[in-house]
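Chains as they are written, first to last, in the numbering used here: chain A, 1 to 307; chain B, 1 to 253.
Source of the hints: derived by calculation from the structure; they are not laboratory data.
One thing to keep in mind: the hints can contain errors.
Unchecked claim - Derived lysine-lysine pairs resembling PhoX-like cross-links, with alpha carbons at most 20 Å apart:
| no. | chain 1 | residue 1 | chain 2 | residue 2 |
| --- | --- | --- | --- | --- |
| 1 | B | K243 | B | K94 |
| 2 | A | K127 | B | K19 |
| 3 | B | K57 | B | K44 |
| 4 | A | K127 | B | K57 |
| 5 | A | K127 | B | K90 |
Said to hold, decoys possible - In silico negatives: residues of chain A with every beta carbon more than 12 Å from chain B:
| no. | residue |
| --- | --- |
| 6 | L53 |
| 7 | D70 |
| 8 | E71 |
| 9 | D83 |
| 10 | D87 |
| 11 | G103 |
| 12 | A144 |
| 13 | H147 |
| 14 | E150 |
| 15 | V153 |
| 16 | L191 |
| 17 | E226 |
| 18 | I235 |
| 19 | S247 |
| 20 | R248 |
| 21 | G285 |
What the hints assert, rightly or not - Pair by pair, the computed Cβ-Cβ distance ranges are:
| no. | chain 1 | residue 1 | chain 2 | residue 2 | range |
| --- | --- | --- | --- | --- | --- |
| 22 | A | G64 | B | R9 | 26 to 34 Å |
| 23 | A | E171 | B | K90 | 26 to 34 Å |
| 24 | B | G13 | A | E171 | 53 to 61 Å |
| 25 | A | E216 | B | S238 | 41 to 49 Å |
This one's a predicted model, so the numbers in the text were calculated from it and none came from an experiment.
Idealized CB from N, CA, C, for every residue including glycine.
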Amino acid sequence: MDAIRLEAISKQLGEREVLSDVSFTVKQGDIFGYLGPNGAGKTTTIRILLGLLQPTSGKATILGDDVSRDEARRKVGFVLESDGLYDNKTAEENLWYYTRIYGMAEPAERIDRVLELVELRDRARDKVGTYSKGMRQRLALARAMTHNPELLVLDEPTAGVDPSGQMEVREVILNMAHKEGRTIFLSSHNLDEVQRICNRIALIDRGEIKLYGELEQLQRERSGNEVEIETTEAIAEPLLAELKSLSRLGLRERKGNILTFAPQEGVRIPDIVSLLVGRGVEIEGVSKKEASLEEIYSAILKEVEPS
Amino acid sequence: MKGMLVVLRNDLGDTLHSKSLLIVVSIIGALIVAAAVGVPIALKGWLADGISWDEAKPLLELCIGLAANYVPLIVLFSCMATWATDPIAKEKAKGPIESLLATPLTARGVWIGKSLAIFLPAYIIGLMATLIVILTMNLAAILPTTGHFVLPLAAAFTSFLFLPLFMLALVMVGIIFSLITNPVIGQTIIIFVGVVLMQVVGQVGGRILWLLTSWDYALYNLAGAALLGIIAFYLSRSLTKEKIILSSKGRWA
């Protein structure tokens, strides 16, 4: 069963179509990255998943239940754009409120457990108004976990958090995925974060899904045939000029000891390596260059930019 | 229903721990003590002039009727105007309302829970204030001099039941508007209707004061409560999570 399934979801707000025919699935156990520029429709998608907005058309399910049903909301924990915590309450009081909403049995034990998970047990009785942004986000993650949901929907959980706080939040997310076995749906602007922790992604722009699939596969597909050859020393200028003159090798750039080639068809990587070795160059390593998520993201958004 | 009780419990806790409760109780307490001391002294002086029971009864009923009407009205109105919309405005601006609605709570459960959390403390404070004034007037002045306890049944129903029901329905209408539009609109409705009600009562009371202790006046309050209740019920049919969320982002449905 899919953790999330969106089938041709569209959402009209006034005159504006915020989502248009959005379809994708998130499999159980995935850490799914949902990317897109501001105003692309990420938050609207999340609100539809959480039953806060009704789709104009299409169908959305969470672990087999329609998102409009209570059962679906019991299976999902969430951190929204705004953490939604009460500043005038302590961390424990914030969590107690949610355990009551979900009708949890033995809430004290569970609260202790989730505070431990986000390493906030020693600050449990402090008012949330005194917390740093990173601590608030960790507490929001703890709140998302109070009712032991199978799926976590996180909307920009590291936005506005300093780098060390981001690392802490990221670690908590990874723990939730790997140690607690949760499926994670992560909406983020932080491409580096998504690349580090997600296994599948979707990219949305102007309400439409532009890219969707396994991250590694997408990187492979988008990488082309570029190869990086690392040498022990920077190659000499005459040799560099010679390599440039051999257009079939497709020398793209030299950065320090790394040469990047995009060889033409018929030229094999061992041929290039042999050529370099023949010129007395010592090879440190050879690797196929993978497109970074940032490169994929920029390329997709350029492709869809109106001319 | 269960979700409503969770919201009620949470919001009641917030109200009871708020500074505004302390301020409201202090001001109302001071006014009630002043009334509880001053009015019996004035009544005692008037009753000591040897006035007969038949002569005194209508005027005493009027005095009790005024207290039974205006004390709960002023207390309920001040408490509700203070608590009705500010917490919702904060919850909408800072995000807790969106997180609440993403849980299995229903929009209707949130609405009723929040309305009751405002009404119940206001009602209890109003009830206690009214009882203090009426009991003090009777026990300190009327009972010792006339041997009668004065509390017309219609005034008692108005004070303890019908008027509070009217105010409950009013706060429920106000909270719906706070949830699906700008909370200031909800507050304006509560204040405007409250002021109009007080003005109407004041003007009617000024011309035909005896009405305050009549069943006509009690039923007038009950009818007002029923009308506002119907309006609240009608509006609640269009109360959805989507409308609350969109209004939080400045889009009023």
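Range hint 41 to 49 Å (beta carbons of E216(A) and S238(B)) holds or violated: 48 Å, holds
Given as non-interface: D83(A), partner chain B, CB spacing beyond 12 Å: Non-interface label fails for D83(A): nearest chain B Cβ at 7 Å, not farther than 12 Å.
Least C-beta distance from G285(A) to chain B larger than 12 Å: Non-interface label on G285(A) holds, nearest chain B Cβ at 49 Å vs cutoff 12 Å.
Consistency of the no-contact label for D87(A), given chain B and a CB cut of 12 Å: 8 Å, violated
20 Å limit on alpha-carbon distance, applied to hinted pair K127(A) and K19(B): 17 Å, holds
Minimum Cβ-Cβ distance from E150(A) to chain B exceeds 12 Å: 15 Å, holds
Assertion that R248(A) lies outside the chain B interface [Cβ separation over 12 Å]: At roughly 57 Å from the nearest Cβ of chain B, R248(A) sits farther out than 12 Å, so the non-interface label holds.
Non-interface claim for D70(A), where every Cβ of chain B lies beyond 12 Å: 5 Å, violated
Satisfaction of the hinted span 26 to 34 Å by the C-beta atoms belonging to G64(A) and R9(B): 33 Å, holds
Minimum Cβ distance from L191(A) to chain B greater than 12 Å, as the annotation requires: 25 Å, holds
Restraint status (C-alpha distance of K127(A) to K57(B) at most 20 Å): 57 Å, violated
Closest CB of chain B to the CB of E226(A) still more than 12 Å away: 44 Å, holds
Hints 4, 6, 7, 8, 9, 10, 11, 12, 13, 15 and 24 from the list above are not met by this structure, while the remaining hints are.
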